[in-house]
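Engineer: Using the sequences and the hints given, assemble the complete structure.
The primary structure of each chain is shown beneath.
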Amino acid sequence: MNYKEAMAEIEGIVAQLENNQLDIDELSSKVKRVSELIAFCKSKLHETEEEVEKILKTIDA
Amino acid sequence: MEAFTLYDLNNRIKQVLKRDFAEAVWITAEITEIQLNSSGHCYLQLADKKEEDSNIVATARATIWAFVFRTLRPYFETVTGRSLSKGMKVLLNVEVVFHEVYGFSLNVKDIDPTYTVGDLERKKQEILLQLQEEGIMDMNRGLAFPALPKNIAVISSPTAAGWGDFRNQLEQNPYHYRFHIRLFPAVMQGEKTAESVIAALDRIYEYESLFDVVVIIRGGGSQTDLGCFDSYELASNVAQFPLPVIAGIGHERDETIVDRVAYMRVKTPTAAAAFLIEAFQEQEKCLEDRKHRFRMGVRELMHQEAVRQLTGMSGLKRSVQALLAGEGTSLKILSHRVERATQLYMGTRQSGFEKLKDRLENRIVLLLERQKDCLHRLKEGVGQKAGRMLEERQRRLEMVMTMVKYVDPNRVLKQGYSITRLNGKAVRDAALLKPGDCIETEMAQGKVSSKVMEK
Numbered sequence: 001m002n003y004k005e006a007m008a009e010i011e012g013i014v015a016q017l018e019n020n021q022l023d024i025d026e027l028s029s030k031v032k033r034v035s036e037l038i039a040f041c042k043s044k045l046h047e048t049e050e051e052v053e054k055i056l057k058t059i060d061a
Numbered sequence: 001m002e003a004f005t006l007y008d009l010n011n012r013i014k015q016v017l018k019r020d021f022a023e024a025v026w027i028t029a030e031i032t033e034i035q036l037n038s039s040g041h042c043y044l045q046l047a048d049k050k051e052e053d054s055n056i057v058a059t060a061r062a063t064i065w066a067f068v069f070r071t072l073r074p075y076f077e078t079v080t081g082r083s084l085s086k087g088m089k090v091l092l093n094v095e096v097v098f099h100e101v102y103g104f105s106l107n108v109k110d111i112d113p114t115y116t117v118g119d120l121e122r123k124k125q126e127i128l129l130q131l132q133e134e135g136i137m138d139m140n141r142g143l144a145f146p147a148l149p150k151n152i153a154v155i156s157s158p159t160a161a162g163w164g165d166f167r168n169q170l171e172q173n174p175y176h177y178r179f180h181i182r183l184f185p186a187v188m189q190g191e192k193t194a195e196s197v198i199a200a201l202d203r204i205y206e207y208e209s210l211f212d213v214v215v216i217i218r219g220g221g222s223q224t225d226l227g228c229f230d231s232y233e234l235a236s237n238v239a240q241f242p243l244p245v246i247a248g249i250g251h252e253r254d255e256t257i258v259d260r261v262a263y264m265r266v267k268t269p270t271a272a273a274a275f276l277i278e279a280f281q282e283q284e285k286c287l288e289d290r291k292h293r294f295r296m297g298v299r300e301l302m303h304q305e306a307v308r309q310l311t312g313m314s315g316l317k318r319s320v321q322a323l324l325a326g327e328g329t330s331l332k333i334l335s336h337r338v339e340r341a342t343q344l345y346m347g348t349r350q351s352g353f354e355k356l357k358d359r360l361e362n363r364i365v366l367l368l369e370r371q372k373d374c375l376h377r378l379k380e381g382v383g384q385k386a387g388r389m390l391e392e393r394q395r396r397l398e399m400v401m402t403m404v405k406y407v408d409p410n411r412v413l414k415q416g417y418s419i420t421r422l423n424g425k426a427v428r429d430a431a432l433l434k435p436g437d438c439i440e441t442e443m444a445q446g447k448v449s450s451k452v453m454e455k
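Residue numbers (our numbering), protein chains in the order written: chain B, 1 to 61; chain Y, 1 to 455.
Simulated from the structure, these hints should not be mistaken for laboratory data. Just so you know, nobody snuck in bad clues.
DSBU-like mimics (lysine-lysine), calculated; alpha carbons at most 30 Å apart, straight line: (1) B:Lys32 to Y:Lys285; (2) Y:Lys285 to B:Lys42; (3) B:Lys32 to B:Lys42; (4) Y:Lys267 to Y:Lys89; (5) Y:Lys109 to Y:Lys49; (6) Y:Lys50 to Y:Lys14; (7) B:Lys30 to Y:Lys291; (8) Y:Lys267 to B:Lys4; (9) Y:Lys267 to Y:Lys192; (10) Y:Lys267 to Y:Lys123; (11) Y:Lys192 to Y:Lys50; (12) Y:Lys192 to Y:Lys124; (13) B:Lys4 to Y:Lys285; (14) Y:Lys89 to Y:Lys14; (15) B:Lys30 to Y:Lys285; (16) Y:Lys49 to Y:Lys18; (17) B:Lys42 to B:Lys57; (18) Y:Lys291 to B:Lys42; (19) Y:Lys14 to Y:Lys49; (20) Y:Lys291 to B:Lys4; (21) Y:Lys451 to Y:Lys425; (22) Y:Lys192 to B:Lys57; (23) B:Lys32 to Y:Lys291; (24) Y:Lys50 to Y:Lys86; (25) Y:Lys49 to Y:Lys89.
Structural biologist: Below, the structure is given as structure tokens:
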């Protein structure tokens with residue numbers, strides 16, 4: 001999953017919530033999912049990724 | 001044969017030229033070479049070309065002496081926004097010079113920069129038109145900017161102050177955002193610029209999937225050495241690059257063509273860094289906003305659920321109450337109905353009873369009557385019978401009486417018969433009499449007593 005997809009999914013769930021398309025049973029799993037996604041996005045903002053760093057090092061510019 | 005010395009020849013030529021070209025003349029030419037030396041003199045190679053870049057039809061050397069160049073240069077640069085460079089068409093005021101040793105050259109006394117401006121503008125317009133016609137003008141602008149511009153490829157000179165500023169600003173941003181930055185070095189001024197930057201773009205292209213955005217940083221250096229960024233080749237490359245290109249070429253004046261085709265133009269490298277940080281801020285805000293909406297939504301949902309439960313309960317309560325009340329009412333109604341029904345029923349029954357009673361009465365009456373009748377009839381019958389019997393008896397009686405009349409003893413007596421009685425009882429059998437008995441004989445007239453003498 002990438003940042004864009006994660007944000008889109010969050011928006012999707014929030015929209016569902018606001019349009020009363022979620023019922024109380026799904027709520028706990030959705031809360032979990034949204035928390036995961038938010039944490040993921042936050043890390044994209046505030047953390048560097050090892051994978052990328054590695055590749056950057058190999059570039060012979 | 002008379003021979004001149006070379007010196008004589010050159011001198012004569014010199015005199016002729018001096019005489020015929022006493023005044024400076026304005027010429028148009030293209031700069032094919034330009035060099036500055038340390039003493040401040042500018043050496044040019046000029047050429048005249050037929051129809052743009054085709055055949056060279058004339059060439060000449062030209063010199064701008066330092067004391068002239070000192071004023072000429074800023075003047076030119078102010079008006080054109082560029083510095084004198086190769087490929088430029090210029091309008092020069094020149095003195096024709098012929099030096100015995102150095103030969104023919106031109107001494108530049110003045111320049112008309114507007115001619116160059118016009119020419120540059122014309123060239124630029126031509127390039128812009130070409131890019132337009134090729135349909136690539138707005139290609140880079142048409143790209144979608146990445147949601148999060150985290151991985152950045154930078155084209156710049158490693159020594160450029162602009163690059164340092166850019167990098168520092170990103171690495172030390174106060175929001176603790178993290179970027180991945182990689183420099184792809186290139187020459188950022190002079191002739192080789194276009195070539196060098198294109199090469200850097202090519203190297204970045206190999207890692208296209210890794211990077212989110214390209215930033216071209218020039219910054220610092222002469223504000224006027226930007227002609228290279230009007231290059232068709234360079235602009236074409238930038239326009240067609242698959243990642244958004246931010247041009248931080250850094251100048252105040254007119255847009256270069258690269259500026260025009262890049263996804264975005266910024267005035268300074270710092271501005272480029274600020275833009276990227278802002279993009280992150282936007283995302284963070286969006287994220288917070290969604291988080292907030294989610295929380296609110298969940299709270300709302302939970303609240304609604306609680307309300308629903310409560311409403312459900314009180315609704316239930318009310319329902320039950322209503323039900324009961326309804327029941328009560330309906331019970332009442334029911335009881336009324338039952339009452340009415342009963343009444344009706346009873347009424348019906350009653351009248352039924354009445355009717356029954358009546359019927360019964362009638363029946364009884366009838367019965368009684370019938371009995372009465374019967375009795376009556378019976379009575380009558382009896383009466384009749386009795387009557388008949390009586391009549392019968394009467395008849396018999398009469399008969400008897402009649403008979404009696406015939407058998408009346410008196411008649412019989414009258415006939416001469418007599419009734420003999422012993423002790424008052426009529427005797428019919430003489431055997432019953434013994435001599436001496438006293439018998440009485442009744443005759444039609446009178447009686448006689450006698451004694452039996454013999455039988």
